[in-house]
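Asks: Protein chains in written order, with numbering that gives the first Met the number 0: chain L, 0 to 191; chain E, 0 to 175.
Just to be clear, a hint being listed does not mean it is correct.
[To be verified] Cβ-to-Cβ under 8 Å is the rule here; a few derived chain L residues that face chain E:
| id | residue |
| --- | --- |
| 1 | 56 |
| 2 | 58 |
| 3 | 61 |
| 4 | 62 |
| 5 | 83 |
Simulated from the structure, these hints should not be mistaken for lab results. Nothing here was measured: the structure is a model prediction, and the numbers come from that model. Beta carbons are placed, not taken as given, at the ideal position from N, Cα and C, and that holds for glycine.
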Amino acid sequence: MSALAQPTDAELHHRLMAGDEAAFTQVYRRHKDVVYRFALMLCGASGLAADATQETFLLLIREPARFDPARGGLSAFLLGVVRNLVRRGRDDQAVAAPDEDDATADCSHDPTPLATLLAGETLNSLHQAILSLPFAYREALVLCDLQELPYLDAANVIGCPIGTVRSRLNRARARLAELLAEHAPLRLETTL
Amino acid sequence: MTPDEKALHAAYAPLRQDLATAVPPAGLEEGLLAAFRQQHAPVSRWQRLLQWLRQDRGLYLSLGGSCVAALAALMWLRPMLWNETQALQAAPAGTLAPAASTELTTAFFPLGDPARIEAAQHARMVRVSMPRASLAAYGLPVNPELADEAIEADLLVGDDGAPLALRFVRGKYQLI
């Protein structure tokens with residue numbers, strides 16, 4: 000019942016255009032995580048991801064009319080903006096090295112130090128493998144496989160036909176499988 | 000789902016788990032709300048005037064344009080003014096003339112470079128008296144019979160005390 004009472008993104012957008020701060024707060028809290036996580040997976044550095052997230056919501060504040068509810072959802076719009084910001088930043092500078100802290104963080108639930116180390120290593124390998132994919136493959140993989148967006152929404156974010164998303168995703172998965180296979184023997188040696 | 004896809008999805012599991020804990024910095028929301036408040040801060044009267052001149056009308060009145068507009072307004076107002084003066088004279092004794100809202104003003108004339116008005120962060124309005132002959136400097140007609148009398152004007156003064164723009168003011172029932 001309470002879910003029905005939640006205003007839609009289009010309603011919140013209409014209110015924030017009129018200067019309703021509460022509406023903006025609600026929009027931010029609803030979408031901040033998905034925007035930040037997408038940026039983080041694209042650029043691999045939490046600082047850059049935070050900057051891109053901030054710029055994305057600043058654009059919504061300064062130019063709210065850029066979002067047209069008739070053309071798609073607010074989430075797809077925000078993801079599209081952050082994607083362009085990260086891509087532009089990537090053109091300006093080399094891909095940032097992933098944060099060491101991030102790569103090994105949040106493994107405290109593992110029972111032993113060795114398990115923690117191995118889990119962190121696996122996660123780091125996966126991170127590195129995804130970051131080494133070409134940008135077009137990486138964004139398709141992050142959107143469809145990690146954020147589990149439907150192909151149509153991913154196509155809206157990227158700005159390409161659904162067929163292109165599918166083919167990029169297939170290539171990304173194949174390339175990722177190769178990269179992970181290269182890491183596998185190393186992991187095996189480590190466990191022996 | 001093919002075995003390869005199953006293996007890949009299994010490989011994603013720790014990454015998905017890790018990603019689920021990633022959140023933007025806590026201070027970000029506060030900064031964005033401050034930006035939102037700034038964006039929607041109330042606009043002062045003189046800023047609205049400038050916006051009206053610059054955006055809503057799609058033009059910024061130049062000095063020449065202002066003069067033409069002021070002249071046209073005067074030409075249009077003069078017969079009406081004459082009629083109203085007659086009506087005031089014919090009004091029965093004891094009838095009070097309307098007070099505060101009976102002022103007529105010209106458009107603002109930029110003084111110097113109009114870009115200074117846009118650059119000014121704050122401005123205040125100062126009511127001054129000026130020689131009536133100064134009307135001529137802005138292309139406005141001067142009544143020879145009243146040439147010796149002063150005329151009131153509103154001066155828009157910038158942060159540094161320098162005048163930015165002015166407009167002439169007169170009572171609704173006062174001849175110019």
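Asks: Each hint should be assessed against the structure and marked as holding or not.
Replies: Checked hints:
{"no.": "1", "hint": "56", "in the structure": "5 Å, holds"}
{"no.": "2", "hint": "58", "in the structure": "11 Å, violated"}
{"no.": "3", "hint": "61", "in the structure": "6 Å, holds"}
{"no.": "4", "hint": "62", "in the structure": "10 Å, violated"}
{"no.": "5", "hint": "83", "in the structure": "18 Å, violated"}
The structure shown violates the earlier hints numbered 2, 4 and 5.
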